[in-house]
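**Q** Sequence:
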Amino acid sequence: MKRKLKRLALVGLIALLYLAWRHNPPPPTPAESTPEVVVKVQWQTVRRQPMLRETTAQGTVTPLRQATVSAVQGGVIRSLRLLKNQRVGAGEILATLDLRDQQAQRNEAAALVQEAQINLDNLQNSSNALAQATAEKDLRQAASTLANTQALYRRREALFRQGGVALKDLQDAKLAAAVAQSNYDLSLRSNQLLRTATRPGSVALARIKLEEAQLRVATLQAPLRFAEIRAPIAGTVTDQFQYQGEFVPPGTKLLSLADLSEVIVKGQFPDTVLARLQVGQSAFVQPLDRPGLKLTGKITALGAVTDPQNRSGEVWVQLSNRDGKLRSGGFCDVVVETGRQVAVLVPDAALTLDQPGSLRGWVAVVDSAQVAHHRSVVCGFHRAGQTEIVQGLQAGEKVVTRGNVGLPDGVKVAL
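Under the working numbering, the first residue of the sequence shown carries the number 1, and numbering increases by one thereafter.
To be clear, the hints were calculated from the coordinates, so they are not data collected in a lab.
Just so we're clear, the structure is a prediction, and the values are computed from it rather than from any experiment.
None of the hints are false.
With a straight-line Cα cutoff of 30 angstroms, these simulated DSS-like cross-link-like pairs (lysine-lysine) come out:
1) K253 with K84
2) K398 with K40
3) K137 with K174
4) K294 with K325
5) K298 with K325
6) K294 with K84
7) K412 with K398
8) K40 with K412
9) K325 with K84
10) K253 with K325
11) K266 with K253
12) K325 with K266
13) K84 with K266
14) K298 with K266
15) K266 with K294
Whenever a hint applies, use it, and build me the whole structure from the sequences.
**A** What follows is the structure in structure tokens.
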């Protein structure tokens, strides 16, 4: 019986020792303790720095010089090759029109000019002038002869009454006076007829007829000058509307030309931004089809009218395009500077946005114990790889710039 009691007491003691061990396990050895996690990162101290404030808007490329080539005179296109996207020089013949009907009318009018000129020459030539001078001379001589014969007849008539001359002498004097009168009348009539044929009014009328004929020739000649259609400017043919063999009425558009050596990029900016811009100020153009390309131009015009719906106005930026990097009608980002300010800036690598294009995100701020904490921030302007922080961060704090992707909140960090 005693042996059984001892055995039971031993089993109970062993059970008590097991239970005590289960509730109070031995402390782990130093080799078994979990080490503290430290993440290698890079950080930098945030500072307030001067920053250019910029505003970006989308713009469209427009040629500085462009022209639409039209047919001034209607007709069939005799020659017009395919010119789209081809470069042409100023004054180069682009097309010719078939104007043979107008040419025939012009030739007919030119013949009438020659006829009018001959008529005027006939009225003004030297033979008519000589004939008129001779007629005037004959008239004066006939008048003198008439006066002499009439005086002789009167003297002989007086003497015949006194018996001083014979009847035959009186009759001879009377006959001579009658002949002289007849000659005078003939000379006077001839002179009047010659003066009528060459009177100043006839010459003036002939001149008017000549001028009318010349004016008609000039009128018919004018359309013929437009048979050859030339390029008004040097540039590239951006569009072609008509082709060889087609009939075109007057005023029909044939081609569009654009000189792309100088271009204007037109962008719409808010009226609050327009108030800060000036003509002559520099601006930047970034073509959307050429990422990374940044061109510099100058503001040449500011919109004088604001769109009442979106409160924006147009800004023109002119720049050189001799290398042809910008295409007419292409889209670009137009970047203008609207002022300078001192701001809290962080590298883009330190910032993680909530979503692309958002102004909210977070940065990993390192405290004095070198523990990184996620902190929400509000962003402002962005320029040259740096972003303005308008809320959530102060100058002098440290932010992780490398190794922050996937970095847990509250982890210890080290350089």
